[in-house]
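Listed below, chain by chain, are the residues.
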Amino acid sequence: MKRYEQGEFFLEIEPRRCKGCGVCVQSCPKGVLVLNAEGKADAKEIAQCIFCGICEQRCPDFAISVHKVKVLQPSCV
Amino acid sequence: MPNTKELAHREELHKRFTGAHALCAGCGAPICVRTILNAIEEPVVVINATGCLEVATTRYPTTAWNIPWIHVAFENAAAVASGVETAYRVLRRRGKISQEIRFVAFGGDGGTYDIGLQALSGALERGHRFIYVCYDNEAYMNTGNQRSGATPFAAQTSTAPVGEKSFGKPQRRKDLTEIVAAHHIPYVAQASISDWYDLARKARKAAAVDGPAFLNVLSTCPRGWGHPTDQSVKIARLAVETCYWPLYEIIEGRWVLNYIPEEKLPITEWLRPQKRFAHLFEPQNRELLRQIQQQVDEEWEKLLRKCERYEAL
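Top line first, the protein sequences correspond to chains Y and X.
Just so we're aligned, residue 1 is where the first sequence starts under this note's numbering, counting upward by one.
Just so we're aligned, residue 1 is where the second sequence starts under this note's numbering, counting upward by one.
By construction, these hints were calculated from the structure, which means they are not laboratory data.
Heads up, the beta-carbon is just placed ideally off N, CA and C, and yes, glycines get one too.
Wrong hints could be hidden among the right ones.
Chain X stretches covered by chain Y per the calculated footprint, using a threshold of three residues with CB under 8 Å from any CB of chain Y [to be verified]:
id : segment
1  : 66 to 79
2  : 207 to 213
3  : 219 to 231
Listed below are the simulated DSS-like cross-link pairs for lysine-lysine, each with C-alpha atoms no more than 27 Å apart in a straight line [to be verified]:
id : chain 1 : residue 1 : chain 2 : residue 2
4  : X       : Lys-174   : X       : Lys-15
5  : Y       : Lys-2     : X       : Lys-306
6  : X       : Lys-15    : X       : Lys-205
7  : X       : Lys-234   : Y       : Lys-40
8  : X       : Lys-174   : X       : Lys-205
9  : X       : Lys-302   : X       : Lys-234
10 : X       : Lys-302   : X       : Lys-264
11 : X       : Lys-174   : X       : Lys-264
12 : Y       : Lys-30    : Y       : Lys-40
13 : Y       : Lys-68    : Y       : Lys-2
14 : Y       : Lys-30    : X       : Lys-306
15 : X       : Lys-174   : X       : Lys-302
16 : Y       : Lys-30    : Y       : Lys-2
17 : Y       : Lys-44    : Y       : Lys-30
18 : Y       : Lys-68    : X       : Lys-264
19 : Y       : Lys-30    : Y       : Lys-68
20 : Y       : Lys-44    : X       : Lys-234
21 : Y       : Lys-44    : Y       : Lys-2
22 : X       : Lys-306   : X       : Lys-165
23 : Y       : Lys-40    : X       : Lys-15
24 : Y       : Lys-40    : X       : Lys-302
Computed far set for chain X versus chain Y, every beta-carbon distance over 12 Å [claimed, not checked]:
id : residue
25 : His-9
26 : Glu-11
27 : Lys-15
28 : Thr-18
29 : Thr-58
30 : Val-90
31 : Ser-121
32 : Arg-129
33 : Ala-160
34 : Ala-200
35 : Arg-204
36 : Lys-264
Using the sequences plus the hints, can you model the full thing?
As structure tokens, then:
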């Protein structure tokens, strides 16, 4: 499991689940994600990431997830 | 009540359907299933028809489902759903179950348009409270791309090949959403995997109605349609932008349009990236392209006349 942190959010990529389809690379509005030499999803420039969660919603293999470091308050959910 | 975006961030809902399934890279079906299951707040029982989704997610001895899941045969997902729902209703009346439970049936286009149509029709007519989701990838992709009732006109499939004397499937696809709407059920909608919020919202609405609900979701298949795996969502989006697959819903018999493209793209934009339509771009097939565009325009005009109002997201 690879973890990329920035501020109060983090992005997790599980390479064992990734089949390298590239849907996340095409969906990312900021061009953060790329396919690495092994053909798996990887975050190239995490500083650009806005943690919109589109990659998480689109990934057919559940390999990417976006989380908040802090636990959400019940009133926010 | 939380909105769909908030539901999408609930960790416990994410565990209903998990990764490590054997569906192809770039498959649209898991996107469709995940979006729908994440949008429904109540406990869910899934009924699955035979198809890619069933075969690839439940390879013995593993399973990708962390919720109650049942599969019986190809043709009877809707009939099984009726039975499960009736048993639940009886147990609830006797006070043995106190929870609200939702029943979601997933079928491919083969198990819905063709093989499971009469079971579906019966279940809808009897008025069982369940959601039937058809993830429409426009052919029998599990067994190797044979034509189905959902395959579009002139598409190449293994049983409608392209050659000197044939140009792919000679018949037009049937409009299942309208067939289902003719059952006068409370909620029918057409959605696409490309429009996440629209699909999630429709799943919420379907779960809220007291009676049968039906969702017809366009789901891309990179192997069968012949496009690069990373284009899956984009091609589903192009189907919406070209008005080939309009997004609309029918609430208690009232037609509501959910999306009007700013500029309606020509259907060739959708056809070109797909290998199953590659033969249409040869010079002798220009007439076929014109026919397809005409069919799409006619259907779109017809839909615009039927829709009483326009409700975008």
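Consistency of the hints with the structure:
1. Proximity of the segment 66 to 79 of chain X to chain Y, defined as three or more residues with a beta carbon under 8 Å from a beta carbon of that chain, is not established by the 0 residues found.
2. Figure legend: the segment 207 to 213 of chain X, annotated as covered by chain Y; annotation inconsistent (0 residues with Cβ-Cβ distances under 8 Å, at least 3 required).
3. Counting residues of the segment 219 to 231 of chain X whose beta-carbon sits less than 8 Å from any beta-carbon of chain Y gives 5, enough to reach three: the coverage restraint holds.
4. For the hint pairing Lys-174/X with Lys-15/X, the CA-to-CA distance comes to about 35 Å; that exceeds 27 Å, so the pair is violated.
5. In summary, the hint linking Lys-2/Y to Lys-306/X is not supported, as the alpha carbons are separated by about 50 Å, beyond the 27 Å threshold.
6. As the CA atoms of Lys-15/X and Lys-205/X are separated by approximately 22 Å, the hinted pair is consistent with the 27 Å bound.
7. Simply put, Lys-234/X and Lys-40/Y have alpha-carbon atoms about 20 Å apart, close enough for the 27 Å limit, and the pair holds.
8. At roughly 25 Å between alpha-carbon atoms, Lys-174/X and Lys-205/X fall within 27 Å of each other, so this suggested pair holds.
9. Straight-line distance between C-alpha atoms of Lys-302/X and Lys-234/X comes to about 26 Å, which keeps the hinted pair within the 27 Å bound.
10. Taken as a hint, the Lys-302/X and Lys-264/X pair is honoured in the structure, with Cα atoms around 15 Å apart against an allowance of 27 Å.
11. A C-alpha spacing of about 23 Å is found between Lys-174/X and Lys-264/X, which places the hinted pair at or below 27 Å, so the restraint holds.
12. A C-alpha spacing of about 18 Å is found between Lys-30/Y and Lys-40/Y, which places the hinted pair at or below 27 Å, so the restraint holds.
13. Of the pairs offered as hints, the one joining Lys-68/Y and Lys-2/Y holds, with about 16 Å between alpha carbons and a cut-off of 27 Å not exceeded.
14. A C-alpha spacing of about 39 Å is found between Lys-30/Y and Lys-306/X, which places the hinted pair above 27 Å, so the restraint is violated.
15. Simply put, Lys-174/X and Lys-302/X have alpha-carbon atoms about 15 Å apart, close enough for the 27 Å limit, and the pair holds.
16. Distance hint between Lys-30/Y and Lys-2/Y is fulfilled; the C-alpha atoms sit about 19 Å from each other, no more than 27 Å.
17. A threshold of 27 Å between alpha carbons decides the hint, and for Lys-44/Y with Lys-30/Y the separation of about 11 Å falls inside it, so the pair holds.
18. Of the supplied pair hints, the one linking Lys-68/Y and Lys-264/X is violated, its CA atoms being roughly 39 Å apart against a limit of 27 Å.
19. For the hint linking Lys-30/Y to Lys-68/Y, the alpha-carbon distance of about 19 Å falls within 27 Å, and the restraint holds.
20. About 22 Å separates the Cα atoms of Lys-44/Y and Lys-234/X, which keeps this hinted pair within 27 Å; it holds.
21. Only pairs whose Cα atoms come within 27 Å are accepted, and Lys-44/Y paired with Lys-2/Y is accepted, the gap being roughly 12 Å.
22. Our distance criterion of 27 Å between C-alpha atoms is broken by Lys-306/X and Lys-165/X, whose separation comes to about 38 Å.
23. This hinted pair checks out: Lys-40/Y and Lys-15/X have alpha carbons roughly 22 Å apart, not beyond 27 Å.
24. At most 27 Å may separate the alpha-carbon atoms for a hinted pair to count; Lys-40/Y and Lys-302/X exceed this at roughly 45 Å.
25. Look at His-9/X: its CB is around 8 Å from the nearest CB on chain Y, not clear of 12 Å, so calling it non-interface is violated.
26. Remark: the non-interface label on Glu-11/X conflicts with the geometry, its nearest Cβ contact in chain Y lying 8 Å away (cut-off 12 Å).
27. For Lys-15/X, the requirement that its beta carbon stay farther than 12 Å from each beta carbon of chain Y is not met, with the minimum near 10 Å.
28. Taking the minimum C-beta to C-beta distance to chain Y, about 6 Å, the non-interface status of Thr-18/X is violated against the 12 Å cut.
29. Its beta-carbon lying about 16 Å from the closest one in chain Y, Thr-58/X satisfies the requirement of being farther than 12 Å from that chain.
30. Non-interface call for Val-90/X relative to chain Y: holds, since the shortest CB-CB distance, roughly 34 Å, exceeds 12 Å.
31. The claim that Ser-121/X is not at the interface with chain Y holds, since no C-beta of that chain comes within 12 Å of its own (minimum 31 Å).
32. The non-interface label for Arg-129/X is consistent with chain Y: the shortest C-beta to C-beta separation is roughly 27 Å, beyond 12 Å.
33. With a closest Cβ-Cβ approach of about 27 Å to chain Y, Ala-160/X is found to remain outside the 12 Å limit, as its non-interface label requires.
34. A cut-off of 12 Å between C-beta atoms contradicts the statement that Ala-200/X is not in contact with chain Y; the least separation is 9 Å.
35. No beta-carbon of chain Y comes within 12 Å of the beta-carbon of Arg-204/X; the shortest separation is about 15 Å.
36. Every Cβ of chain Y is farther than 12 Å from the Cβ of Lys-264/X; the closest lies at roughly 23 Å, confirming the non-interface assignment.
In summary, the structure is inconsistent with hints 1, 2, 4, 5, 14, 18, 22, 24, 25, 26, 27, 28, 34 from the numbered list given earlier, while agreeing with the others.
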